[in-house]
Amino acid sequence: MQDVLTTCVYCGCGCGVYLQAENGRVVGSTASRNHPVSRNNLCVKGWHLHEFIHHPDRLTEPLIRKKGKLVPTSWDEALDYTAKELARIRDQTDNQGIGVLSSAKCTNEENYLLQKFTRAVLQTNNIDHCARL
Amino acid sequence: MAGLATTFGSGAMTNSINEIENAQVILVSGSNTTEAHPQIARRMLDAVDRGAKLIVIDPRKTLLAEFADIHLDIRPGTDIPLLNAMMRIILDENLVDDLFIEMRTENYYQLRDMLYRLDLDEAAKTTGVELSKIYKAAQLYAQAQKSVICYCLGITQHICGTRNVQSLANLAMMTGNVEKGDTGVDPLRGQNNVQGACDMGALPNVFPSYQPVGNIDFREKFEAAWKVNLPSKSGCTLMEMTHSGKDGPIRAMYIMGENPMLSDPVLSKVEETLRNLEFLAVADIFLTETAKLAHVVFPAASFAEKTGTFTNTERRVQMVRPAIAPIGNCRTDADIISALALRLGYAMDYDSPAEIMEEIAMLAPIYGGMQHDRLEACWGLQWPCWDRSHPGTQFLHKYYFTRGKGHFVPTEHEPPSEMPDKKYPFLLITGRIYHHYHTGTMTRKSSTLNRECNEALLQINQVDADQLKVRNGETLKVTSRRGEIKLTAEISEQVKPGSVYTTFHFAEAPINLLCIDTWDPLANCPEYKVCAVKVTKP
Amino acid sequence: MNDKLTLKKDHLPAFLRKLSKDYRLVAPIKNRHGDTIFTRIDSSNSASLDLDNQPQNSIKQFMLPQREVLFSYHAKTETGYEFNPTDQINEPTIFFGVRSCDLSAILYMDVTFLQGITDSHYLEKRTNSVFIGLNCNQPFANCFCNATKSGPFLEFGADLQFTDIGDRFLVEVGRSKGIKIVEKWGHFFSAAEEKENKQQYQAFLEARGSFTRLVHVDQAIKRLQENSVPEKVWNQLSLRCQDCGGCAYICPTCTCFTITDCPLTKNTGERIRSWDACTFSGFTRMTGGHNPVSKKTEAIRQRFMHKLCYDVKKHGRPSCVGCGRCVDICFGGTDILRFINLACEGS
Amino acid sequence: MKTLQPEDYLPRPAIIKEIITENSQIKTFVLSFANPEQNTDFSYQPGQFMMVSIPHCGEAPISFSSTPARKEMIRLSVRKAGKLTSALHELQAGAIIGLRGPYGKPFPMDYLAKRDLLFVAGGIGLAPLCSVINSCLFNPDYHGRISILYGSRTPEDIAFMGEINFWRQNPDVKCLLTVDQGTSDWHGATGVVTTLFSQTEINPEQQTAIICGPPMMIKAVISELNEMGFGDDDIITTMERHMKCGVGVCRHCHMDGKLVCVDGPVFSLRQLKELDVMEIK
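Chains as they are written, first to last, in our numbering: chain A, 3 to 135; chain B, 19 to 556; chain C, 1322 to 1668; chain D, 175 to 455.
Treat the hints as calculated values from the structure; they're not laboratory data. Errors might be hidden in some of the hints.
Stated by the list, open to error - Below are the DSS-like pairs computed for lysine-lysine, each with C-alpha atoms no more than 27 Å apart in a straight line:
1. B:Lys245 with A:Lys86
2. C:Lys1397 with D:Lys432
3. D:Lys254 with C:Lys1553
4. D:Lys447 with B:Lys555
5. B:Lys143 with B:Lys555
6. C:Lys1634 with D:Lys279
7. D:Lys257 with B:Lys310
8. D:Lys447 with C:Lys1543
9. D:Lys348 with C:Lys1617
10. D:Lys447 with C:Lys1587
11. C:Lys1553 with B:Lys79
12. C:Lys1617 with D:Lys432
What the hints assert, rightly or not - Label pairs and their calculated CB-CB ranges:
13. A:Asn25 with C:Pro1334: 39 to 45 Å
14. A:Asn25 with D:Pro314: 30 to 36 Å
15. B:Glu84 with C:Glu1527: 56 to 62 Å
16. B:Arg406 with C:Asn1518: 52 to 58 Å
17. C:Asp1331 with B:Arg406: 37 to 43 Å
18. B:Arg406 with A:Asn25: 35 to 41 Å
19. B:Pro267 with C:Asn1405: 37 to 43 Å
No residue lacks a Cβ here, since even glycine has one placed at the ideal position from N, Cα and C.
Only chain A is shown next, with the shape it has when bound in the complex (with noise of 0.2 Å):
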C-alpha cells in the first residue's frame, strides 16, 4: 500500500488528501494533519474521494460518431479527425469560429496548455471556463 499525497477536487478549499494506491488501484483517502488546510480532518466527500476513480462508466478508450453513434476508435484516428476539423473551421471561419472550453477541475498545467493552444493554434482568444457557475 502506497499513500500519494495530492490535492482533493471536491471544492476550492483544496484539502491535502492523500490516496492510497495498491496494485493499481486507488483503495482509499484519507487527511493529511500536517496540511494547513485538512487538518487530519476531510468533509464526507473527501473521506470518499477514491470512489469514483475506478467506476465502471469511466471512459477508457477514444469514441467516434459514426453513423450517428459514438463507437469506440484508435487514439490516432480521434486525434487526427479532431485535428482535421478544427484546422478546417479555423481556416474558413478566418479563426472566429471556434470556441474552447477549458476546465476548473483540470490543473494549472492543463489549462495553461490549453489556452496557448487556443491562441497560438486555433489564432482565437473564444477561450473561457465555467468560473461564474
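Starting from the known structure of chain A, arrange chains B, C and D on it as the hints suggest.
Same frame as chain A, now just chains B, C and D:
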C-alpha cells in the same frame, strides 16, 4: 470576479483560510459555507467558539445562520440596498476609517454622496429586514478590529453580481478592513481549480496572470515566448459560445472537462447550440450529457492519474500527484492537447508537467517562483510569488492595493430580472448541497455519497406545503417560463414562505432548465440564484 | 527466559532491518511532507522512523481496510451467478511502535470480529500480525487514555512491549510470537537489570502525571447509563455535526462497515466492505426511505452510547481508547471530549 | 453461537424454481440451492431470514415465508421497494440468485406450540407469519386455535391469497381481512387492522399475539393488545432495519444497543420495553 478586480485590482480571496478563525467579526454573505466549503465553515465555527461574532446574510436560514449572532434574511437580490444601508449607518455613527480611506483609496466622496442620498427606511423596506437588525450588523462589523467578509455565488450569480461584490469591497474599504491579516474580503471559489483556471488565462480577455490580450506589450511577450502571432481581439465568453444558437458564429467547440449541458443556464439553448455545431470534441472522464453530443470523445485521465497543480480558493498552488497510471487507454489532458497541437503543426514538447510550470513561471508573474520543485517541498505556495526566493503571500494588498489605490464604486439597487407574480408566485433559489459536487459527474458515481443523497429535493416552507397539501417526499412539479422539472418535496424551515430552494447536481432534475438567461453584463455571470416559478402537484 | 530485556537504541535500526527480512514491517514513518503515518518500512524510508509524534492513522486501517474485497462475483449469462473468494495475500506483518491506545483498539476489534463469530477476513490478518508496543512516556496533546484505562502503559496485548528508558528500550516479552522473535534475534537483547526495571516504573509514574486534559470518562458513562444527559446537549452537538464521518473513520475502534457491490464490467464485480459512519443518515435508512434514526440527535446519541454505554454493558469497558485523534478535527467541534465535558457539566 | 465458515459473507447460488405473484408489489420466490447437497443440509426456523444477493445490487435481508415443517423449498416473499428488490422482481424462473443464512433469532416455537395464537399482520408483514402459521398447522402436536387478522391498503393489495384460502379450509383457523380503502366490489371489512379485534375471540390467558407490519401498525396493535390484557411475553413482533452483514458486526441494524440481525428480528414486548425504539415509543 470583476467586482474585486475593479475595486482592489485582484479578484481573489485576500486572506488565507486559516486567518478566518482569528477574525473578530465574520460577515458571510450568499454562502452556504457548511455545505459548500466545509473546511472554511470549520474555521468559522472555531472562531465563534473563541468568541467571534457571526453575521450571516442569506435569504434562507442555513445551518450557519443557526450559529449567527445576526441573521439578515434579506429578500433575494437585495444585497446592494442592505450593504448601502450598513455603510450609511457606519457613516452616521462615525465608524469610518478616515485614515485608511485617505491613504489607500480613491473615489470615496462619490460613494459618500450617494450614501447621503440614501433613505434608510426605504432601503430596509426593500430588503425586508428590520432596520434595527441592520444597525446592529453595521455596528458590529465596523467596530471590530478584525472583520472579515466571506461571500460566494449567492452574491455573484445575480444580474448585479459585480455590483454586489463592489458593495462588499466598499464596505471593507470604508472601515479599513483590508490589507491586514485576519481581515479582508474573501470570495469562496466553488470548484477546486477555478482560481487556477482564471490565473492560467482560460478567459477570453487575458493571458495567464491577468495580462490583457489587448495590450501590445503583453501580447509581444507571449508572441516571443510562443513564437507565433497572437490575436488581439477579446474572445467570446462561455455564455456567448454555449448560447449562440443554431446560427451562431461558433461552428466548432473543444470542451475539456466541462458539462455545459447541465451547468449552464437555459439548457434548451445550450443543447440547440451544441447539436448544431459542425464539430464538437469533448475530453472527459465520463460520458457526460455534453460528451453524448460530441463527434469525438477523448477519455481523459482523472486527477488521481496525473501530475500538476491546483490553485485553491486562498490562492495556494499545490501539487497534484498520481496515485496510479491512467486507467484503460486514458491520457492526460496535457497529452491530448499536445498531440492535437502537433497534428496542427505546432510542437508542444514538454517532458513533464514540471516543464510546463517552468514556462508558466516565466510568463505569469504572480506564479514567478512556483516551480514544481519548490511546491514539492512545502504545502504549496500562495500567489503572488514573484520569484524563487519569494515565500508566497498569506494575504493580499499589504502596503498598497494591487491596482494601486482601492477604488470605491458607488452602486445602486437593481432588482432581479424576474420577480414572482400571480402566474409564477414562488421565488426559486438554487445552491449546492454537501454530498455532491457541481454537476455530479464524479460524486454521483460514488456509492457512499449517492447513498446519502440520491435525489434533488425542493425545500418548501410548511405554510406553502399546507396550502398545496403536500407532504414530505411527495413529487412536485416546478414550472418557470422556460421549462419544468419534477422534484421531491422537503418541508423545511430553512426557506421562508414564498421561496423554494433546490440544487443543480442532478441530471435527472436539471434545474437550469428553469433558470433565466439573463446575466451580469460586467462579469457574464448568469443569474442563477433567483427566478420566478410556480409549484404544483403533478 | 527472563521476561524483561533491554535493547540499545543504537541497535534499533539494525534490529528492525532484521525483522523486515522475515516480515512486512509497519511502523510510524514521518514522510517527506511531514506527516507521521503507519507505513510499511523499506530501504527508502527506514531512516524516517518517527517515535516522537502520534501517527495520524491507527492500525485499524490494516486490520479493517477502508475498502476490502470480500469476494468477486460473476453473473455469466442470464442464469449464472458465481461467487469466488479472492485470494487474500496477508503477509506476516510486524507492527512496530504501536501505542497503548492503538493496541487496546486491536483487542477491542478482536472482540468484535472474533467473539461469537469468526470473521475470516479479520482473522487472517490478525493471525499474521505481530505487535511490538511502545509505552507512552509523554502523552500527546489530546490524549486521555488514562481516563479510558487503556494507557499510557499497557500490561498485556503486545507480543513485545517496549519502554523508552533513555539510551535503551526495556522490552517485555508477551506471547509466543514475541518469544519467537526474541529467541531468533537474541543477540540484540540483554537481560534487564533492577535499575532498568525501576527506570521503567519511574517512566510510568511520570507519564501518568503528565496528561494535560482532565477527562471524566467514568462520569459521562454514568450519566449515559442513568439517561441523565440533558436533551440540550444532544441538540447542541447534533446541530454542529456536519456529517463528515471523520470521527468514525479516524477512530481506531469504530468498526462499523457497509457492504456494497462494486461492478467491474457488465457481468463481473466485487463485493466490498468499506468504512461507514453511524452518523450518516444512509447508515440506517431503509429501502423506501423510512429511517428509524430519523433525527441527527439520535444518530449522535447512538455514536456516544455505543462507545460509552453499550460497550461498557457488553464488554465491561468503553470502546473509546482515549487516543485523542478525533479531538480538534471535528468540523463543528462535536468530538467525544466536548461531549464528555458537556455531559458532565453541572454534576 | 453460530460460527461463520471461512467463506464468510460468501453467498451460495440458488435457483428460482417458481415465482408466485402475490399482488402487484409482492412476489414469492421458491428457491433451491444450485448445489443439491446444500439443500439436504439446510435447515432454518420461522422468523429467521436469508441475505439475498442480486448481481451489482448487493444484498438484502428477506424473511422466510415457508415453513421447515412442510418440507418444502425455501420461499422468500419480497415486496418491490428498492434497487435490489426491483431487480429481483424482474427475474424469471430459472434465474440464479445468491443466498446466505439463515440468520437471526427465530420465533419461540416450543412455547407457541402450547398456545392459541393471534396473528396480526399488515401488507408484506404476513410473510414471516406464514412461516409460523404453517409450522403450527403442520405440527401434529399443535392443538391450539389460530386467529389471523390481515390488513391491506386496498383489495388489490391483499397478498398471499393462496395461503389464506388454504387456512380458511381449516376449522381451527379463523382468518379475517380488512382494507384501508375499499372499492365498490369489496364486501369485506374496511378500516385499520385493529378494528378486527372486535370480531375475534380474544383471550389473553390462552393466547399469544404475533405481529408484523409497518412500524406505525405495530405500535397501534401493541398498545391495544396491552390494554386488552396481553402480557409482555405474549406480544411478539418481528422488526425490520437496514442490514448489511447479518451476523452482528456491521451494526447498521442497531436498535438502542441491540442488533436486529442477532438479537432479533423476533422480539417480545418485554424485550422491546427495555429499549428505546420507535415501534413502541
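Taking the hints in turn, this is what the structure says about them:
1. B:Lys245 with A:Lys86: Given pair lysine 245 of chain B, lysine 86 of chain A holds - Cα atoms ~22 Å apart, limit 27 Å.
2. C:Lys1397 with D:Lys432: Answer violated: lysine 1397 of chain C to lysine 432 of chain D is near 39 Å, above 27 Å.
3. D:Lys254 with C:Lys1553: 40 Å, violated
4. D:Lys447 with B:Lys555: Judged against 27 Å, a Cα distance of about 41 Å means the pair is violated.
5. B:Lys143 with B:Lys555: Measuring from Cα to Cα gives roughly 33 Å; hence the hint is violated.
6. C:Lys1634 with D:Lys279: 21 Å, holds
7. D:Lys257 with B:Lys310: The hint holds at about 26 Å.
8. D:Lys447 with C:Lys1543: Status holds; Cα separation ~21 Å.
9. D:Lys348 with C:Lys1617: 44 Å, violated
10. D:Lys447 with C:Lys1587: 48 Å, violated
11. C:Lys1553 with B:Lys79: 20 Å, holds
12. C:Lys1617 with D:Lys432: 19 Å, holds
13. A:Asn25 with C:Pro1334: 39 to 45 Å: 29 Å, violated
14. A:Asn25 with D:Pro314: 30 to 36 Å: Given a distance of about 59 Å, which is not inside 30 to 36 Å, the answer is violated.
15. B:Glu84 with C:Glu1527: 56 to 62 Å: Given a distance of about 45 Å, which is not inside 56 to 62 Å, the answer is violated.
16. B:Arg406 with C:Asn1518: 52 to 58 Å: 55 Å, holds
17. C:Asp1331 with B:Arg406: 37 to 43 Å: 40 Å, holds
18. B:Arg406 with A:Asn25: 35 to 41 Å: 39 Å, holds
19. B:Pro267 with C:Asn1405: 37 to 43 Å: 57 Å, violated
The earlier numbered hints that this structure contradicts are 2, 3, 4, 5, 9, 10, 13, 14, 15 and 19.
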